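Colleague: Here are the chains, one letter per residue:
2 protein chains.
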Amino acid sequence: MAEPYRRTWMLPQSFALDSGRSIERPVTAFETWGEPRGDNAILLTTGLSPSAHAARHGPEDDPGWWEDMVGPGKPLDTERWFVVCCNVLGGCHGSTGPSSPDPKTGQPYALDFPIVTLRDMMRLQHELLAHLKVERLHAVIGSSMGGMLALEYAALFPEAVDRLIAISASGMTHPFAIALRHVQRRAVMLDPAWRGGRYYEIGQPAAGLSLAREIGTITYRSDIEWTNRFGRAWQSGDLFDFSGRFEIESYLQHQGEKYPQSYDANSYLYLSRAMDLHDLGRGRGGLIEGVRRIRSRALLIGVTTDVLIPTFEIDELAEAFVQSGNPAELHVLDIETGHDSFLIHPDAFGPPIAEFLGS
Amino acid sequence: MAEPYRRTWMLPQSFALDSGRSIERPVTAFETWGEPRGDNAILLTTGLSPSAHAARHGPEDDPGWWEDMVGPGKPLDTERWFVVCCNVLGGCHGSTGPSSPDPKTGQPYALDFPIVTLRDMMRLQHELLAHLKVERLHAVIGSSMGGMLALEYAALFPEAVDRLIAISASGMTHPFAIALRHVQRRAVMLDPAWRGGRYYEIGQPAAGLSLAREIGTITYRSDIEWTNRFGRAWQSGDLFDFSGRFEIESYLQHQGEKYPQSYDANSYLYLSRAMDLHDLGRGRGGLIEGVRRIRSRALLIGVTTDVLIPTFEIDELAEAFVQSGNPAELHVLDIETGHDSFLIHPDAFGPPIAEFLGS
Chain A
1 MAEPYRRTWM LPQSFALDSG RSIERPVTAF ETWGEPRGDN AILLTTGLSP
51 SAHAARHGPE DDPGWWEDMV GPGKPLDTER WFVVCCNVLG GCHGSTGPSS
101 PDPKTGQPYA LDFPIVTLRD MMRLQHELLA HLKVERLHAV IGSSMGGMLA
151 LEYAALFPEA VDRLIAISAS GMTHPFAIAL RHVQRRAVML DPAWRGGRYY
201 EIGQPAAGLS LAREIGTITY RSDIEWTNRF GRAWQSGDLF DFSGRFEIES
251 YLQHQGEKYP QSYDANSYLY LSRAMDLHDL GRGRGGLIEG VRRIRSRALL
301 IGVTTDVLIP TFEIDELAEA FVQSGNPAEL HVLDIETGHD SFLIHPDAFG
351 PPIAEFLGS
Chain B
360 MAEPYRRTWM LPQSFALDSG RSIERPVTAF ETWGEPRGDN AILLTTGLSP
410 SAHAARHGPE DDPGWWEDMV GPGKPLDTER WFVVCCNVLG GCHGSTGPSS
460 PDPKTGQPYA LDFPIVTLRD MMRLQHELLA HLKVERLHAV IGSSMGGMLA
510 LEYAALFPEA VDRLIAISAS GMTHPFAIAL RHVQRRAVML DPAWRGGRYY
560 EIGQPAAGLS LAREIGTITY RSDIEWTNRF GRAWQSGDLF DFSGRFEIES
610 YLQHQGEKYP QSYDANSYLY LSRAMDLHDL GRGRGGLIEG VRRIRSRALL
660 IGVTTDVLIP TFEIDELAEA FVQSGNPAEL HVLDIETGHD SFLIHPDAFG
710 PPIAEFLGS
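Protein sequence lines correspond, in order, to chains A and B.
Numbering of the first sequence is given in our numbering, commencing with residue 1 and proceeding in unit increments.
Numbering of the second sequence is given in our numbering, commencing with residue 360 and proceeding in unit increments.
Calculated directly from the structure, the hints in this document are not laboratory data.
Incorrect hints may appear among the rest.
As the list claims (entries may be wrong) - Computed footprint of chain A on chain B, listed as stretches where at least three residues anywhere in the stretch have a Cβ under 8 Å from a Cβ of chain A:
1) 467-475
2) 520-529
3) 540-547
4) 564-570
5) 605-612
6) 634-648
Predicted model only: the values in this text are computed from it and were never measured.
Yeah, the Cβ is synthetic: ideal placement off N, Cα and C, and Gly gets one too.
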C-alpha cells in the first residue's frame, strides 16, 4: 500500500538500547494530522501490525487502521489536536527493523538486529517529538501493544504528558499471553523457509508467518463472538476429508494468508518478544512503583471477552494506580468481540475517549 | 510404556463408518478393572491423548491417567464396578488407526485411513461390550473428548446405559475450539517431516507435533492458574536474546517435546478432526432432538476457567436436557486449572461422581 503521507526522520546519532547494545541512526516513519499549536499534540501508539497510517489525510487517501477514531470531528479530532503516529522501532513499515540494512554489512540485519523493548521504542519516539518541537503531549493513547507503549511513555517521561489512555493493555505481560506469543514465534521458526531469519533473498517464511497470524487471530477475538458469527457453518469440501472446511477455518486461513504480504516475519518475532518483556515494574521495584512514576491523568479501558488481556489484568493495573495515589478512570466494556474490539466498535470506545481528551 | 494389562479384540468383520467407508476387522485395545456381575459395568471413555490404561491393576503396575479416580475405594470403585476403558478407533495405543497397516498395502494407512467420527468410535466400543457380554451399562463416563464420547454413546444406545457423566464437554463443538484445533493440525502439517502423512519410515514430524501439543497445552489450562503458578519468572538465558526463556515457555516446551515420544502425529490429526465434527444434533434435527434420544440420568460437570469448553456451552447442553424433558444434574466447578481440571482435582470431581454413580 502506498503511503504518500508517510514521513521519515533519522536520529542523527547512535541510539542506546535497554539491552546495552545500540542502533546506528535509526529511522522512524511517522504521519501527522492537524496543526501543532504548542499544547495540542496527541501521540497515538500502535499495536503489533499497524503502520503509522492511522487515518486518511484527505478524500483521495486510503483509509487507515483507526479511521473511525482519527479525523475531523472524530474522537481524536484533528481539527483540534495535532496527532502523531509512528511505526515502532523494530517494525517493517518504514522504521528501522530487522529487515533494514545493517550498516556493518549492507545486508538486512535479520537476527543480528538487537532485541528492542517497548521502552526503547518510546525513547526513540520521544526524540522524534523533540525534533517536531513537541515538548509536552496533551495525551498519549494506544491499544493492545499501543496501550503498553502509552503506559511506558507516561512512566518514562512523566513531565511530558498530561493524559494517558491505555486500551486492552496490562501493566505487565502475564504468562498466558507469553505462552500464546511463544507458539506464534515457534510457528514462524518451524517454517524451513525462515532459515534462521536469513530469508530476505528468497522471500518470506509465508506458511509459518501465516500460521502465527492464525493463532494470533484466535487471541484477538472471542468464543462467544465466533459462536454467534460462524457457529458450525460449513464452508466447502467433504465433511469426511481433511480438505473440508468449517467457515471459521476458512476465515482463519484468509487472515493468515494475507498477512505475509504486508508484514515481515522477523519484525513479528521482535515485536512479539518486546511485548513479552513488557513490565512497568522492571527495574523500578515492581508494578506499583512503576505506576507511581506516572503523573498523567489516566483512562484505562478493558473488554470483558478479551482472552489476551483478561479483565483481572486491567483490574490489577487499575489497583496499582490506586495504590500509587493516582486513581485512573476505568471502563470495562461488556462487548463480545474480544481484544480487537477497539478496531471494531468506535461507538463504544469513541465517547469515553473523546470526553477524556476534552476534559 | 509397557502396558501388560492391555487386551485387544478384533471385530471379526468389516466395520461401516459414518463417512460411508469402512475398515476391515478393526482392533480395539482395552483394559478392565473389577469383576463383571451383569449390572455393574462402567464404560470409561478417553480424551485425545490417553491410552486405555486409566489406572494401575496392582501395586507393581504403572499408574494410569486417572489413577486417583479409578481403583478400590475410589470414585470409580473397582471393588463395586466393572470398569472398561478402550483406546479409541483412530488412536495409536493399540487400537486400529492411521499408523496401523492398511490390509490393501501392508503399509501404514497414513492419510488413507478414513475420517472417523465419535459415533464410529462408540459403535465399535459397543461391539466390544457385546463381546464382553455387557448388555447394559450402569454408567458411561468421560472427560473432554471422553465427555463427547459418553454423550454420543448415550444418544446412540439409549436403552443400553443407565447413567451418563459428561465432564468438560459440550453438546456440539463450537467455532473457537475448532479454530484452536485447526491451528494445531496446521502446525503438524507445516513440519516438512510430516510428508503428507507418509513419515512412518523416517520418524515422526516431531517439531510440528510438539508445537501442536504446546498450543493444546495452552487450551487445557487457564490464564489465572499460570499467573499464580509462573507469573513472570525467568527460566534461563539472556533477557535480550531469543534463546532466553520465561518459565512458562520452558514448561510449554517440555510438554511439547515429550509428546511425540508417545503419540502418533496422524492419530492426532484424525482425533482432532473427529472432535470438530462432534454434534449431538447432526442428522437428528438439532441439539435438542439429539439430546432427546438420551434416556440416561445425566450428570454434567464444567469448570469456570475452561477456555476450550466455556461454561456457556455447558449451560447450552444443560438447557437442551431441560428442553428434551430429561433435566441433567449440573455442576459448574469454580476451579482455576481450566479444561484439564479433571486430571488435577480428584477432590473436586470425585465426590459428585461417586455420589451419582451410587445413587
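Colleague: Now tell me if each hint is right for this structure.
Modeller: Do the hints match the structure? See the list:
1. 467-475: holds (count 3)
2. 520-529: With 0 residues in contact (Cβ-Cβ under 8 Å with chain A), the coverage given for the stretch 520-529 of chain B is violated.
3. 540-547: holds (count 5)
4. 564-570: holds (count 3)
5. 605-612: holds (count 5)
6. 634-648: holds (count 3)
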